[in-house]
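Listed below are the residues making up each chain.
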Amino acid sequence: DGGITQSPKYLFRKEGQNVTLSCEQNLNHDAMYWYRQDPGQGLRLIYYSQIVNDFQKGDIAEGYSVSREKKESFPLTVTSAQKNPTAFYLCASSQLNQPQHFGDGTRLSIL
Amino acid sequence: AQSVTQPDIHITVSEGASLELRCNYSYGATPYLFWYVQSPGQGLQLLLKYFSGDTLVQGIKGFEAEFKRSQSSFNLRKPSVHWSDAAEYFCAVGARSSASKIIFGSGTRLSIRP
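So the protein sequences, as listed, match chains W and C. For what it's worth, our numbering labels the leading residue of the first sequence as 1, then goes sequentially. For what it's worth, our numbering labels the leading residue of the second sequence as 1001, then goes sequentially.
Bound conformation, chain C alone:
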């Protein structure tokens, strides 16, 4: 069965520090992979997606993620975080046969230390 694991429930980093949010998935074939961000009381905004090709994908707001098939991972990174990056981050996986239906991880809440 498809599943997505975000092992870190809550992470706090200092402003200007680098960030890596972990995401591991379980899927029988190469999936479509997504990262979304959610500010409190708001909907989800797509940060980036991986469908095929280059395993290092660039997204909005300076984020990037790397697809590692051997590790079943799709970790999100940012070299220097800003206070405005404080939010909830969700990793998601979709089937290539029906990428419209996707499964979300339980999310990682990011706090920024001034």
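Next comes chain W alone, as it looks inside the complex:
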């Protein structure tokens, strides 16, 4: 079945540590996205990419970085500069001008 796989499902970060969240899709979608979800705030866009080797900042990119070296992969790194990283992170993909499909998310917590 085609879909989006996010791993791990749960992740813990120590102070001063960078962590990378994985997102892989086999839907052959051109565009991929990362969102952060906090209680009561809906989804906020961190980064998005509409084509391989290109990506743009979303509304809350500070403290995060991404890469898009392959069409099917869009990893997100939460750096130590992100002072409040505890959240639920969702990856999505779509064809241009089509609805987004979502993975099952990664919950990041601070130790």
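I should point out that these hints are in silico values taken from the structure, not numbers from a laboratory. Any given hint might turn out to be false.
Stated by the list, open to error - Okay, derived cross-link-like pairs now, DSS-like style, lysine-lysine, Cα gap no bigger than 30 Å in a straight line:
hint, chain 1, residue 1, chain 2, residue 2
1, C, LYS1049, W, LYS9
2, C, LYS1101, W, LYS83
3, C, LYS1061, C, LYS1049
4, C, LYS1061, C, LYS1101
5, C, LYS1101, W, LYS71
6, W, LYS70, C, LYS1049
7, C, LYS1101, W, LYS57
8, W, LYS70, W, LYS14
9, W, LYS57, W, LYS14
10, C, LYS1049, W, LYS57
11, W, LYS9, W, LYS71
12, C, LYS1049, W, LYS71
Unchecked claim - Here are the in silico distance ranges between beta carbons for each label pair:
hint, chain 1, residue 1, chain 2, residue 2, range
13, W, THR79, C, GLY1062, 39 to 45 Å
14, W, ALA81, C, GLY1053, 43 to 49 Å
15, C, HIS1010, W, GLU69, 23 to 29 Å
16, C, SER1111, W, LYS14, 23 to 29 Å
17, C, GLU1015, W, LYS70, 42 to 48 Å
18, W, LYS83, C, HIS1082, 40 to 46 Å
To be verified - Just a few of them, taken from the derived set where beta-carbon distance is under 7 Å, the chain W residues facing chain C:
hint, residue
19, PRO39
20, LEU43
21, LEU90
22, PRO99
23, PHE102
24, GLY103
25, ASP104
26, GLY105
Glycine residues also receive a C-beta, built at the ideal position from the N, C-alpha and C atoms.
Guided by the hints, dock chain C onto chain W, whose structure is given.
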């Protein structure tokens, strides 16, 4: 600026009762509109979308939504809810020039009373 407002943070309805979740948007032109549903600890699933044409759109799981341009609304409805409908519901709006990038409302949590 684009925005989406879901005025109801939490709604409780009885099983078998009808449901309407409100969504209002602010946008300079006719947007693309979506409703997504999220179960706890899960990703979002698309319920339905409006791109053009008939303003009453049918979705999965018996849901429908109506686009009302004059009211800038896209309310979600279901004639009879089931206990399995308990979840968080998100309305979203996208630009026709770049529907891939969309803005989400803050969500409405639906609880079902037995």
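Now the hints, each set against the structure:
no. : hint                            : result
1   : C:LYS1049 - W:LYS9              : holds (28 Å)
2   : C:LYS1101 - W:LYS83             : holds (26 Å)
3   : C:LYS1061 - C:LYS1049           : holds (14 Å)
4   : C:LYS1061 - C:LYS1101           : holds (25 Å)
5   : C:LYS1101 - W:LYS71             : holds (18 Å)
6   : W:LYS70 - C:LYS1049             : holds (29 Å)
7   : C:LYS1101 - W:LYS57             : holds (11 Å)
8   : W:LYS70 - W:LYS14               : holds (29 Å)
9   : W:LYS57 - W:LYS14               : holds (25 Å)
10  : C:LYS1049 - W:LYS57             : holds (26 Å)
11  : W:LYS9 - W:LYS71                : holds (22 Å)
12  : C:LYS1049 - W:LYS71             : holds (25 Å)
13  : W:THR79 - C:GLY1062: 39 to 45 Å : holds (44 Å)
14  : W:ALA81 - C:GLY1053: 43 to 49 Å : holds (46 Å)
15  : C:HIS1010 - W:GLU69: 23 to 29 Å : violated (42 Å)
16  : C:SER1111 - W:LYS14: 23 to 29 Å : violated (37 Å)
17  : C:GLU1015 - W:LYS70: 42 to 48 Å : holds (46 Å)
18  : W:LYS83 - C:HIS1082: 40 to 46 Å : holds (42 Å)
19  : PRO39                           : violated (10 Å)
20  : LEU43                           : holds (4 Å)
21  : LEU90                           : holds (6 Å)
22  : PRO99                           : holds (5 Å)
23  : PHE102                          : holds (4 Å)
24  : GLY103                          : holds (5 Å)
25  : ASP104                          : holds (5 Å)
26  : GLY105                          : holds (5 Å)
Violated hints, in rising order: 15, 16, 19; the structure is consistent with all others.
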